[in-house]
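**Student:** Residue numbers (the working numbering): 146 to 735.
Source of the hints: derived by calculation from the structure; they are not laboratory data.
Treat the hints with care, as some may be off.
[Unchecked claim] For lysine to aspartate or glutamate, the following DMTMM-like pairs were computed, each having C-alpha atoms within a straight-line distance of at most 20 Å:
#1 K714 <-> D555
#2 K398 <-> E331
#3 K496 <-> E415
#4 K669 <-> E699
#5 K496 <-> E447
#6 K165 <-> D243
#7 K344 <-> D405
#8 K303 <-> D645
#9 K656 <-> D645
#10 K428 <-> E311
#11 K649 <-> E602
#12 K409 <-> E282
#13 K531 <-> E602
#14 K496 <-> E286
#15 K241 <-> D520
#16 K315 <-> D520
#17 K241 <-> E546
#18 K496 <-> E314
#19 K496 <-> D341
#20 K428 <-> E314
#21 K241 <-> E168
#22 K315 <-> E422
#23 K656 <-> E635
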Amino acid sequence: MPDLQEIYESRRESFAKQRKATERRALAVSWLRVILALATIVFAWFAFKLAILWIGFAIASLAYVWFVREHARLANRLRLLENMVLINEREVHALKGDYTAFPDGAEFIDAHHPYALDLDIFGAGSLFQRFNRTCTEQGKERLAEMLSTPLAAIPAIKERRATVAELSEKLDFRQEFQAIGMASAERTSDQQQILDWLKLPDFVYGNTRRQWMLIVFPLLAFIALAYWIISGIVGPFILIALTQWAIVGVYSKRTFQIQDYLGKKRYFLEKFAAHFELLGRQKFTSTLAQRMNVESRQAQDEFNRLVTRVRALDLRLNLFAGILLNSLVLYDLLCIYRLERWRHRNRDRMKAWFDTIAEADAFNSFAAYAYNHPDFTWPELIEEWKLEGDQVGHPLIRREECVCNDLRMDSSSSLWIITGANMAGKSTFLRSVGVNVVLALTGSVVCAERFVCPVLEIYSGMRNTDSIVDHQSYFYAELYRLQGIVRRLEENRRMLILLDEILKGTNSTDKLSGSQALVSRLVKYPCFVLVATHDVALGDMERDHPTIRNYHFESRIEHGELHFDYLLKPGVSTSKNATFLMQKMGIIPS
Numbered sequence: 146m147p148d149l150q151e152i153y154e155s156r157r158e159s160f161a162k163q164r165k166a167t168e169r170r171a172l173a174v175s176w177l178r179v180i181l182a183l184a185t186i187v188f189a190w191f192a193f194k195l196a197i198l199w200i201g202f203a204i205a206s207l208a209y210v211w212f213v214r215e216h217a218r219l220a221n222r223l224r225l226l227e228n229m230v231l232i233n234e235r236e237v238h239a240l241k242g243d244y245t246a247f248p249d250g251a252e253f254i255d256a257h258h259p260y261a262l263d264l265d266i267f268g269a270g271s272l273f274q275r276f277n278r279t280c281t282e283q284g285k286e287r288l289a290e291m292l293s294t295p296l297a298a299i300p301a302i303k304e305r306r307a308t309v310a311e312l313s314e315k316l317d318f319r320q321e322f323q324a325i326g327m328a329s330a331e332r333t334s335d336q337q338q339i340l341d342w343l344k345l346p347d348f349v350y351g352n353t354r355r356q357w358m359l360i361v362f363p364l365l366a367f368i369a370l371a372y373w374i375i376s377g378i379v380g381p382f383i384l385i386a387l388t389q390w391a392i393v394g395v396y397s398k399r400t401f402q403i404q405d406y407l408g409k410k411r412y413f414l415e416k417f418a419a420h421f422e423l424l425g426r427q428k429f430t431s432t433l434a435q436r437m438n439v440e441s442r443q444a445q446d447e448f449n450r451l452v453t454r455v456r457a458l459d460l461r462l463n464l465f466a467g468i469l470l471n472s473l474v475l476y477d478l479l480c481i482y483r484l485e486r487w488r489h490r491n492r493d494r495m496k497a498w499f500d501t502i503a504e505a506d507a508f509n510s511f512a513a514y515a516y517n518h519p520d521f522t523w524p525e526l527i528e529e530w531k532l533e534g535d536q537v538g539h540p541l542i543r544r545e546e547c548v549c550n551d552l553r554m555d556s557s558s559s560l561w562i563i564t565g566a567n568m569a570g571k572s573t574f575l576r577s578v579g580v581n582v583v584l585a586l587t588g589s590v591v592c593a594e595r596f597v598c599p600v601l602e603i604y605s606g607m608r609n610t611d612s613i614v615d616h617q618s619y620f621y622a623e624l625y626r627l628q629g630i631v632r633r634l635e636e637n638r639r640m641l642i643l644l645d646e647i648l649k650g651t652n653s654t655d656k657l658s659g660s661q662a663l664v665s666r667l668v669k670y671p672c673f674v675l676v677a678t679h680d681v682a683l684g685d686m687e688r689d690h691p692t693i694r695n696y697h698f699e700s701r702i703e704h705g706e707l708h709f710d711y712l713l714k715p716g717v718s719t720s721k722n723a724t725f726l727m728q729k730m731g732i733i734p735s
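Let the hints inform the model, and build the full structure from the sequences given.
**Tutor:** Okay, here's the thing in structure tokens:
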């Protein structure tokens, strides 16, 4: 088993050293750039007196351009290395239980979801936060979708799992992908604005009159410019320049509209182009990863072309460049034409390309989770109706603190009634089973030595809440939840149902009779049911229903202290601790 802390700390130190070396090189290049700029000016000044110095001017100018580009390359490299240091630093903290650097997905919390709220899929300390290594907004949304929507077919799960397993071994690729995504801030609206731009009607492309204007007026401008240089008469050039500016002004509304959609999107698009380049040069064997590789190779060149066109569009915002270029070549309309030509060629593929990056981003999170949990195992997915696990633990509890239990459920023991005192471990066991089934059916590793799982739906009723907005009491919220479960069962759905303390909002007699009636109905359907309860009388149902089994968690009082072992045992609980705890806390007299 790899020493993950040593791996991440070693990588952090290595990238930190590379960062320092790159900083030194960037500083040297920056000074050389300044020296060459001064040399260019000096050569230009004296070249008017000695013509041969124009050669020096040309060499210095070319060298200056090369060093400008080299400095830009080093700046990008520096950002990447800074992100690589940060990524590995965060992983070191995560191994120690600190996940606060990773977004927790609280925006995805949905109280009406079949299981997400009860199983802590989203929110502070959630499964999503443990998984999340996404670096794009759409990747984050795709990860949330994957964790909240288990796959419904074993082949699809195995296909996803093969990709997760392959990517889990590609640490360099995963971290570089993440570092690229962190290089520039992303707004949730960036991608949507580009998709909205794709739907706009063409303005220049396909319009013969405007396309002719792009040919005729620049041609006249250069003829007038040549005439000015030869004859010294500037009038014709000024006339053509003013005419072009008038045309630009007439169409400025459309230009500003496109600028609103695409302006300052260069860094966003550059990030995606870099992602495609990285994905495109990988060698994959799994089906889904190969598909992403093919899509990326198709998208890479087109995204680079789009970046070039958007960069050109942003150049018009430079006052000097805008005046000069629009005086010569109707620059605004030319930018629109080139963008629309690109759009015409790629509008039907853009959404799929964005989805490819989102998919890769989400898969990287799954792969990182598998890599960071080498003690977890890949579940066995079966058609047979049984749910089994050896040493099943809760993946959100630190391994040194987690107490694991075994699980054996099939058609002969499909409903378990789990009793026990407060804090003994009933709810945690239900969540352990539920979360591991979610992991198994979404293509991840599970927190168990062995886990066997069929394809099924997961429904829970553990954290029902009232709602003033919906005019719904706590009790009615629970009833609606149970109603939804029964309706799914009536559709002959195979399900795992997790219920914690049924009918908490009514009196004890009514609660017991209602719980018994519900349990009697649930045993008639093809489902696995775990019911956690304090009603030990509910355990009497085992005598009348052969598929019901009683299990419990115990607590004990030793030397005036309450102790739990959190181990699941057969039978009904006999331990109590509420009175003891109230006495210990001084709520009631001893």
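**Student:** Next, verify each hint and record whether it holds.
**Tutor:** Here is how each hint holds up against the structure:
For the suggested pair K714 and D555, the alpha carbons sit about 18 Å apart, so the restraint of at most 20 Å is met. A threshold of 20 Å between alpha carbons decides the hint, and for K398 with E331 the separation of about 27 Å lies outside it, so the pair is violated. As the CA atoms of K496 and E415 are separated by approximately 16 Å, the hinted pair is consistent with the 20 Å bound. Between K669 and E699, the direct Cα distance comes to roughly 30 Å. Violation of the 20 Å bound is thereby established for this hinted pair.
The hinted pair formed by K496 and E447 meets the criterion: a straight-line CA distance of about 13 Å does not exceed 20 Å. Straight-line distance between C-alpha atoms of K165 and D243 comes to about 27 Å, which puts the hinted pair past the 20 Å bound. Taking the CA atoms of K344 and D405, the gap is near 14 Å; set against the 20 Å cutoff, the hint holds. Distance hint between K303 and D645 is unfulfilled; the C-alpha atoms sit about 32 Å from each other, more than 20 Å.
Among the hinted pairs, K656 with D645 is consistent with the structure: their alpha-carbon atoms are about 13 Å apart, no more than 20 Å. Distance hint between K428 and E311 is fulfilled; the C-alpha atoms sit about 10 Å from each other, no more than 20 Å. Of the pairs offered as hints, the one joining K649 and E602 is violated, with about 24 Å between alpha carbons and a cut-off of 20 Å exceeded. At most 20 Å may separate the alpha-carbon atoms for a hinted pair to count; K409 and E282 meet this at roughly 17 Å.
Only pairs whose Cα atoms come within 20 Å are accepted, and K531 paired with E602 is accepted, the gap being roughly 14 Å. Between K496 and E286, the direct Cα distance comes to roughly 15 Å. Compliance with the 20 Å bound is thereby established for this hinted pair. A threshold of 20 Å between alpha carbons decides the hint, and for K241 with D520 the separation of about 16 Å falls inside it, so the pair holds. Note on K315 and D520: the hinted pairing holds, with a Cα-Cα distance of about 18 Å set against a maximum of 20 Å.
A threshold of 20 Å between alpha carbons decides the hint, and for K241 with E546 the separation of about 13 Å falls inside it, so the pair holds. Only pairs whose Cα atoms come within 20 Å are accepted, and K496 paired with E314 is rejected, the gap being roughly 29 Å. A hinted pair counts as satisfied when its Cα atoms are at most 20 Å apart, and K496 with D341 qualifies at roughly 11 Å. For the hint linking K428 to E314, the alpha-carbon distance of about 12 Å falls within 20 Å, and the restraint holds.
For the given pair, K241 sits about 31 Å from E168 by alpha-carbon distance, which is inconsistent with the 20 Å threshold. About 16 Å separates the Cα atoms of K315 and E422, which keeps this hinted pair within 20 Å; it holds. Our distance criterion of 20 Å between C-alpha atoms is broken by K656 and E635, whose separation comes to about 23 Å.
Hints 2, 4, 6, 8, 11, 18, 21 and 23, counting from the list given before, are not met by this structure.
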